[in-house]
Amino acid sequence: MRIKVVCHYLGLLIVILGCFMLVPLVRSLVAGDSASAAFAIATAITVGLGLLAWRLTPVGEGRLNRREAILLVAGGWILASLFGTIPFALAGTFPNYVDALFESVSGFTTTGATVLTSIETQPQSILLWRSITQWLGGMGIITLFVALFPILGIGAAHLVEAEMPGPEAGRLTPRIRDTAKAVWSLYAGFSALELVALLIAGLPFFDALTVTLSTMPTGGFTGTNESIAAFASPAVEGIVIFFMVIAGVNFGLFYFLFWKRQPGQLLKNTELRVYLSLLLIAAVLIAIDLMINLDMAAGEAFRQSSFQSVSIMTTTGFATANFDVWPMFSRSALLVLMLIGASAGSTGGALKVIRLVVLIKYTYNQILRAFNPRAVIPLRLGKAILPDPSISRIVGMVVLYFLTIFGAFLIMSAVGTNVPGWDQLTSLSSVVSCVGNVGPGLSIVGPAANYEFIPPVGKGALMACMLVGRLELFTMLMLFTPSFWKWR
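Residue numbers for the sequence shown follow numbering that gives the first Met the number 0, so the first one is 0 and each next one is one higher.
Bear in mind the hints are in silico, worked out from the structure with no lab data behind them. There may be inaccurate statements among the hints.
Stated by the list, open to error - No farther apart than 30 Å at their CA atoms in a straight line, the calculated lysine-lysine pairs in the DSSO-like style are these:
(1) Lys382 x Lys180
(2) Lys360 x Lys382
(3) Lys360 x Lys3
As the list claims (entries may be wrong) - Here are the in silico distance ranges between beta carbons for each label pair:
(4) Gly201 x Ala383: 40 to 48 Å
(5) Leu198 x Asn364: 15 to 23 Å
(6) Ala30 x Gly188: 33 to 41 Å
(7) Leu21 x Gly420: 40 to 48 Å
(8) Gln423 x Glu451: 15 to 23 Å
Keep in mind that this is a model prediction, so the values were computed, not measured. Even for Gly, the Cβ is constructed at its ideal location relative to N, Cα and C.
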């Protein structure tokens, strides 16, 4: 384990982050708001400390082994969250450092859970920085690092594997740097298209920009207290739905569509078919529930159900309605969608659809083996046979995911004992939402509320949930194994 090598690249990573702080600084100077000094100081601190770490740790052989890559990824995300807190803290956006850190972690992990109570009164530069943290975190700050710098050599492959979410987020090109450039090009391209579409739909530029920077990373921050509902525009909702669906698709499929000109890859992809089917089924069932139990008109019911189904399953977390007052079936369906999440290789969080597919097929095969123990029954995804090590890893990941939820649920239940209005649904949905990087939960952490009232210990637990959820549990938990730190 070469700590100097890790620190060298962490320094460079922090410099990149500091450069992005220049964007809200310029916005603050143009608007003349109160956050100019905060961003100027934050940029100087971030770039200065990053350069210091980079210069004080010169490296000869810069290639990273797997353990160093994992440490760099985990350390990079933690440091990004810490340095991303500085503008919030210096601008006095939050009453204490814990709240500022919570907002930063929520942004970089694309969770979108907020502790801001009066969003619209904040300087636009602060709101822009919130959205930028999500946009950087969506496709991955480490993956952007790999795309920009060729100096990492073969170590780049370990970095991308450790950061990009899901079991199918693999190499698209022979060179991993080209893969990183391809997915970031797609990501930036879709972001530009959404921005133009929202402007055509009539949104002011700043609102269109912040919504775009939160949609493609499936983040959920907006510049309004009422989320997307504040715009009261079916056209805006339709555009956001379209791009949320895109953000929840494996970006590797778009690579085959646009680079390789192979649209058949989309048509025969099992995960994509299941993903779209689940979205449609959920939207229809919830719409029927709203029509029956809330006497809602069919058009309005489908409009609300389709938006919230897409928003929750893609783990974006936007809201056009207070779904916490919906009937029990609708709320339960949304909670299930929070658990499932989007596709592997997308910017969405939670378990991922492909893991659900594999788990169902694996369970079915085990039932068949109960009748015929000697049978050899391969697990197929399309025409491909999934090897046993991959199956074991996926099943292990699912088990670990639910164990994490159970453990965090107990912690949050203890934390909320003396909080007025706190119930078990608050504990469960806050954990499921933060581990899945969704944002809003149910009960008193629903879309009409926020996380401001949660005690500091609870916020700390939820921040940990956000980080382990965004980086996949194995990446973070490996840091706590003794063998990881062997100096060999």
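Verification of the hints:
1. Annotation: proposed proximity of Lys382 to Lys180 holds, straight-line Cα distance about 29 Å (limit 30 Å).
2. With a C-alpha separation of about 14 Å, the suggested pair Lys360 and Lys382 falls inside the 30 Å cut-off, and the hint holds.
3. With a CA separation close to 45 Å, the supplied pair Lys360 and Lys3 exceeds the 30 Å bound.
4. A C-beta distance of roughly 46 Å is found between Gly201 and Ala383, which places it inside the suggested range of 40 to 48 Å.
5. Judged by the Cβ atoms, the range 15 to 23 Å given for Leu198 and Asn364 is violated: they are separated by roughly 50 Å.
6. Taking the beta carbon of each, Ala30 and Gly188 are about 28 Å apart, not inside 33 to 41 Å as hinted.
7. Roughly 42 Å separates the CB atoms of Leu21 and Gly420, a value that falls within the hinted 40 to 48 Å.
8. Against the hinted window of 15 to 23 Å, the Cβ-Cβ separation of Gln423 and Glu451 comes to about 21 Å, which satisfies the hint.
This entry does not satisfy hints 3, 5, 6, going by the numbered hints stated previously.
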